[in-house]
Amino acid sequence: MSKLRAYLTLARPYQYIKNGFVFAPLFFGHKLNQPEAVLATIKIFIAFCLTASAVYAFNDLKDIEADRQHPVKKSRPLAAGVLSRAEAGVFSAVLLLAGLAAGLGLLGGWAAALMAAYLALNLSYSIKLKHVAIIDVVCVAVGFVLRVLGGGLAAQVWISHWLVLMTFLLALFLALAKRRDDLLLAQEGHNLRGSLDGYSLEFVSLSMVIMAAVLIVGYLLYTVSPEVVGKHGTSNLYLTTVFVIVGLLRYLQITLVMHKSGAPTMVFLTDIFLQIVVGLWVISFYLLLYVGRQGP
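Here the sequence shown is numbered in this note's numbering, starting from 25 and rising by one per residue.
No wet-lab data here; the hints were simulated from the structure.
Hints are not guaranteed to be accurate.
Now the in silico label distances, taken between C-beta atoms and shown as ranges [as the list claims (entries may be wrong)]:
id: 1; residue 1: V118; residue 2: S259; range: 47 to 57 Å
id: 2; residue 1: V315; residue 2: L28; range: 35 to 45 Å
id: 3; residue 1: V248; residue 2: I158; range: 43 to 53 Å
We treat Cβ as the ideally placed atom computed from N, Cα and C, and that holds for glycine.
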């Protein structure tokens with residue numbers, strides 16, 4: 025592995041798909057056709073990507089020995105010895121400064137404060153909180169909510185409680201699926217993280233089912249809410265629920281049947297079924313919000 029490829033691997037650009045949540049306020053706020061809002065959202069997306077890569081590098085620095093015991097993570101640049109601790113430390117610092125500067129320079133003080141909060145959450149998670157059961161998955165979910173808030177700040181869209189709630193529940197569902205995969209690896213003799221002592225396969229599986237049920241009910245309530253119908257100018261949002269249900273069932277299948285939920289990003293990037301379902305959900309929502317919308 026070359027040094028350049030090692031640095032790219034350390035930055036984990038494939039994980040940037042998670043930062044796509046910053047575009048949610050732009051989409052649901054009916055601002056896709058406003059160039060200034062789109063450009064501002066792209067800027068905050070870049071800021072989140074840089075900051076996230078800095079955290080990934082820091083996390084790999086801290087978890088070198090643990091990663092060497094992991095069947096997949098042992099090939100990471102630091103665990104494999106391709107990059108030194110010093111090189112990774114400098115790389116992380118540069119990315120961190122770039123991310124904070126991007127937030128401050130492109131969108132002002134509020135964006136920089138949000139990036140700082142995101143950074144503080146992730147550092148706390150990497151250092152301590154990822155080893156505390158339940159708190160670890162809550163931290164992951166809060167991180168996604170911060171992304172949505174950043175997108176709302178950039179697009180100047182007021183974030184509704186519905187968007188915050190749905191984002192939090194979905195992220196919690198995905199985080200629990202990842203913990204289940206960690207538990208399966210632990211059963212094979214891989215010592216991964218301290219928080220696993222507070223989990224069991226039964227507990228995580230049941231928690232996922234509960235989260236899926238709450239997500240579906242919450243989403244249905246969202247689609248028929250009078251305020252939502254009035255805001256979006258359509259009473260047909262409930263039709264998109266079918267894609268939400270099918271998508272959740274597919275992810276439960278991937279997790280409980282296939283046992284391949286260890287990397288949510290890679291699941292989405294490699295599972296054609298899931299990509300089609302999410303794509304159809306986005307298209308149907310776009311048609312309802314931007315093409316078939318009634319009223320002003």
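Hint check:
{"no.": "1", "hint": "V118 x S259: 47 to 57 Å", "result": "50 Å, holds"}
{"no.": "2", "hint": "V315 x L28: 35 to 45 Å", "result": "44 Å, holds"}
{"no.": "3", "hint": "V248 x I158: 43 to 53 Å", "result": "31 Å, violated"}
Comparing the model with each numbered hint stated earlier shows that hint 3 is the single one that does not hold.
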